[in-house]
Amino acid sequence: MFLITEDSSQILAAVRTDGLFDRNVGGATMSGSTGADYGEMILEAAEACPVEIIKFELQGDGASEAVTEAAPAAVVAAVTPAATAVVATGGSEALQALLGGDRSLAILFGSQTGNAAGLAEKTAKLAANYGLIPTVYDMDGFDPATLASHKRTLIITSTWGEGEMPDNAETLWQSVNTQSPSLSGVSFSICAIGDTSYDEYCKAGTDWDEKYVALGANRVHAIQLCNVDFDTPWSQWVAEALPMIACVDDSGTLQEVLLEEMKEYGSGSGEEVSSGDFSPASIVQSELSITLSLFRYCPAAADTGWDTIACAIPGHATVEDLLVAVQHDVDGSLAFRRGNGNGSPTSGLRVNGRIVLADLIQISDLVSDGGVLKIEPLPGYPVIRDLIVDYSSFETQRSSAKPWMRADPRDGHTLLSGSAMGTMDLSTAATLHAMTDVVSYQLLQSMSDTFAYDSDYKGPGILLQQWTRSIDPRTGDAQQKELFDSIGSEHGVWSEADFSSVARYGSDGRTASKALNTARGKLLNSTNYSGPHGRLVKWYGRSVKWSGNVNETTLYRQVLGPIGLLNNIFDGVSARMVLGFTRTGAPPFRSLQALLAPPAGIGKIPKMVNSKVSAHHEVVNLFNEIDQRF
Amino acid sequence: MAIKIAYYAGNTARAASSEVEDCIQPLCKTLGIDLIELPKASSDGGNIIKQSSPKLQHALVARNLALAESKGLDVLTTCATSHGIMCDTIEEFREDLSFANHVNNIVARTSSVEYMGESQSRHLLHFLVEEIGLDKIRDAVINPLRLNIAAYYGPNMQRQGACGEDDPFMPTYMEQLITALGGTPVEYDSKCQSVGAPALLTINKPVMRMTAAVLSDAKSNGADLLVSACTISHSNLDSYQSKAGKVARKNTAMPILHLAELVAFALGHYPERFAQLRTRALVIGG
Chain R
1 MFLITEDSSQ ILAAVRTDGL FDRNVGGATM SGSTGADYGE MILEAAEACP
51 VEIIKFELQG DGASEAVTEA APAAVVAAVT PAATAVVATG GSEALQALLG
101 GDRSLAILFG SQTGNAAGLA EKTAKLAANY GLIPTVYDMD GFDPATLASH
151 KRTLIITSTW GEGEMPDNAE TLWQSVNTQS PSLSGVSFSI CAIGDTSYDE
201 YCKAGTDWDE KYVALGANRV HAIQLCNVDF DTPWSQWVAE ALPMIACVDD
251 SGTLQEVLLE EMKEYGSGSG EEVSSGDFSP ASIVQSELSI TLSLFRYCPA
301 AADTGWDTIA CAIPGHATVE DLLVAVQHDV DGSLAFRRGN GNGSPTSGLR
351 VNGRIVLADL IQISDLVSDG GVLKIEPLPG YPVIRDLIVD YSSFETQRSS
401 AKPWMRADPR DGHTLLSGSA MGTMDLSTAA TLHAMTDVVS YQLLQSMSDT
451 FAYDSDYKGP GILLQQWTRS IDPRTGDAQQ KELFDSIGSE HGVWSEADFS
501 SVARYGSDGR TASKALNTAR GKLLNSTNYS GPHGRLVKWY GRSVKWSGNV
551 NETTLYRQVL GPIGLLNNIF DGVSARMVLG FTRTGAPPFR SLQALLAPPA
601 GIGKIPKMVN SKVSAHHEVV NLFNEIDQRF
Chain W
1 MAIKIAYYAG NTARAASSEV EDCIQPLCKT LGIDLIELPK ASSDGGNIIK
51 QSSPKLQHAL VARNLALAES KGLDVLTTCA TSHGIMCDTI EEFREDLSFA
101 NHVNNIVART SSVEYMGESQ SRHLLHFLVE EIGLDKIRDA VINPLRLNIA
151 AYYGPNMQRQ GACGEDDPFM PTYMEQLITA LGGTPVEYDS KCQSVGAPAL
201 LTINKPVMRM TAAVLSDAKS NGADLLVSAC TISHSNLDSY QSKAGKVARK
251 NTAMPILHLA ELVAFALGHY PERFAQLRTR ALVIGG
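One line per chain: the protein sequences are R and W, in this order.
Sequential numbering from 1 applies to the first sequence in our numbering.
Sequential numbering from 1 applies to the second sequence in our numbering.
Calculated from the structure, these hints are not laboratory results.
Please read all numbers here as calculations on a predicted model, not as lab measurements.
For each residue, glycine too, the CB sits at the ideal point set by N, CA and C.
Please note that a few of the clues may not be correct.
[Stated by the list, open to error] Just so you have them, the derived chain R footprint on chain W, three or more residues with Cβ under 8 Å:
id : stretch
1  : 28-42
2  : 102-111
3  : 118-130
4  : 179-187
5  : 196-208
6  : 237-245
Chain W on its own, in the form it takes in the complex:
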């Protein structure tokens, strides 16, 4: 029987990172996950709106969570930043009931829903490891990855209460998943380090240096490619990698893909894309 969960695509999966959207649907179908759409859900503010108005961002998030809660479901997202943002609001509401009531009143007035703290956020990674189970995933593998893969977690979901039972500072979930998918995980130090995604458009050199540090660390430890749990950080790591390499004078050339793509490929979806990826990783190298 399929496990039902509400799906929140985040800010970019249905925009710049459309390949994530391409992959999440078939992979969930294969693993018996029934994604329930939330057509009314809006952007969560991306920690950008929060800089001007934390209350507005919390209200946007609370509304999304309330929409899932009204269906009796938790929320699944593929983006580490979106997951971190939802966990922030959940924590804020738990700690400050009067603030929660105040925001809820506004959400109720404008959207006729309220977030009562029942619906929780789940990142795809944690959901796969904790709810679906690595054994089931291993059994479903059709195209084993057979690549040296570095996992990038980023800082947004690597904190207490936001990363399931995984260690916030030395996580291993993605490495376990890579192993289950037939790949070889590559250990490197900076897998939880920020690449400065929120400041990609506003701070140039430091963000490029941060991006280059993660890429070169993964590469120097033998990674053929890097898989990201965050759709927003994906832009820094991918489109900006050559610029990052120039700024930091480091070798950063490496294929980047999102966790949803990696799992989908191993489960047999988009074999032509997977073949293209293997060529890039093993032949072209960047």
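Chain R with its partners taken away, still in its complex shape:
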């Protein structure tokens, strides 16, 4: 029925009597019984919508004479003020009372090129600091009749051509001039953008300023005229206008006596506002003198090496800051991948043995004064140049792993279209969310020591995505099976040689290794402990249950089997066990055992039969209580 985009909404011709396809500003009625049939649904949707996009009105007896008016996306965004999350405990009672009342603020913009719209958005974000609940309105399609209901109004508008309103403001301007609504009780301020090279500098803004005063509104702060370089004057205006308009109370009265207090509140400098003030603290650390050891690789010369650079850098600087400084001051050819300053998943590096995101980790977390900072590319990926690695293998693996949600038929609710929409309870959602709460799957791959030595191995970053998707209850049966098969396939979760190499990298590594260990458990059950992996777990458990200690001879025999044992003879493993390895202890008889009974053990020759630990029955009871499969 509607075609809604980011900045407009249009009504389809099929449901209109005039057969047009536009915003239906003229208010053409809806065809047939569309209005009556879907009226309730449209009203419901409109109510649920956080922005006012669709206007729907029933006329007459309401049966079939429905009129729709699709305004453009008049409301751009509603910004929830941080300060309302927790009301500051500081400040006078009067300020508390002011902050406790209605705090709505309308910010209207008239914009031709988007500058005024951008400033309106920025203004809205700052308004939240003063306990205001701002809503940004595009003047296009704005109902002039509602102007008076916005007791606090800020207008940001540019001027077009020779003192004309921008296109999106023209209709509203004409309407206001025609209707002259009373704006008594409205407090306002204007920020006008213009160009001094034109005669009618900022005229649209001054027109609105005069009109608002003429219609009875109260100007709480003088109009700000901004030239083409508008950032600075806008900042000055917003710093004064916002606290002033924030002092307008429920009744529309300006409480100017609270202005200084409001400014303090807005700046977050009050003594007891920490719980509601989400501005991050600025942490400055002292300068560190370090030696930087930097990996370099030039593909053209096929040459690798290390640069050693003495640096002095603030401890709070990130690794990326340091690399930028080196690139700027020492060697412009240094290549590294820049992040977004907030933990970019592809900004990974190995620094002093740690797998880190360069744009997130601070130097002081890695090295102390006088120390060495060794920076290398992320392990496991091919290096393109210097510190830049090629992630294409990751992308290829992910592409073939297909860990994203696919619309298989699945249980759950259905949408209006009839397609299924899976459901998930809160507890499962929390579990899955915790499992996938990793900063970078690319980094997770590098945490595995196996990843660098098995080019076919999917890696923990891919497997974790597959596993969490496979246990997501919204995933359909077919996709679940496909993912599970892939996890258990030749290059899947069994290819990880040692999860402890992943688990040691903080919470991300630990989360991933735990999750993938669970995947292994499920695979073991589904395959009934078959194959070498299953046999290893089964016989390890059994031997521990039998004696309290693991018997390596049993493991060796059961897991490798006769072919594996023969291979060890040909590969020289058995020979080294018996003759060549670094035997500095154990009776020589043990070596002879290997000749007499080849499946004698792993490494140095173990006992053939374990003696039982004391109170062995306690171990058996533990097995029987927890897991009777062994």
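Following the hints, complete the assembly by docking chain W onto the known chain R.
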């Protein structure tokens, strides 16, 4: 006065790696460490049982820790994997009290002990450096090592909370200890890298390549021999080194020994074995 600590031999010191057991007892006696046996202690599951049942592995570990706790002692182990496994359970219990209570109830029902979080795990390396002190060890040296020695830590104990005050990612404790014992530590990059010990029997080529990478890295940096803090990784590094070299086409031939052996030799125990080792390292080379 001797320092008392409970001793957990791990999964192989009293089996395939019996030389570790040979050495730990005399070296502790020399340094005034009184090892208290835990005859009821069982295998910790070796991170293998965990793949089928994490709860069972945690219960086995909790029982061992509880046995030490009932004597009012921490646990000393020579195996990095065993130490890592105990630290895992300690951390899991600390983070999830209801899980800890649940497992403890089962352990109490079956073994009449409970782990209350008092007893902690200590690896021999951390215990020697932090509790005994390098000065005391240096003073006790009878046969200085006089070899270029690469230290292998592995990944199991190189994480926050499991490696004492040492740096988890760029550790130096073993190098400090080697220096105190009269040897020359060899720096190399892959000293914390896994050699894939848990998958030795199940994944062939990648594990061999991982093993070869560590050995060849140590060797190319000038090591005469490699000392391991992990009894389980020891098998990969030692018995499988020629196979690893073949698979990865790298020179991997090098004597391997466990930390307990290295310290015991320097403190004057088993001089004939030490002589044999020096011959292997300096003459035979593998």
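Examine the stretch 102-111 of chain W: at least three residues should have C-beta closer than 8 Å to a C-beta of chain R.
-> Held - the stretch 102-111 of chain W has 5 residues with a Cβ nearer than 8 Å to chain R, which meets the minimum of three.
Check, residue by residue, whether the stretch 118-130 of chain W contains three or more positions whose beta-carbon lies closer than 8 Å to a beta-carbon of chain R, and give the verdict.
-> Violated: only 0 residues of the stretch 118-130 of chain W have a Cβ under 8 Å from chain R.
Coverage criterion applied to the stretch 179-187 of chain W (partner chain R; beta-carbon cut 8 Å; 3 residues) | violated (count 0)
Per the coverage rule (Cβ-Cβ under 8 Å, at least three residues), is the stretch 196-208 of chain W covered by chain R?
-> holds (count 11)
Apply the coverage criterion to the stretch 237-245 of chain W and chain R: a residue qualifies when its Cβ sits closer than 8 Å to a Cβ of the chain, and three qualifying residues are needed.
-> With 6 residues close enough to chain R, the hint holds.
Outcome, coverage of the stretch 28-42 of chain W by chain R - at least 3 residues whose beta-carbon is closer than 8 Å to one in that chain = This one holds; 4 residues, not fewer than the three required, reach chain R with a Cβ under 8 Å.
In summary, the structure is inconsistent with hints 3 and 4 from the numbered list given earlier, while agreeing with the others.
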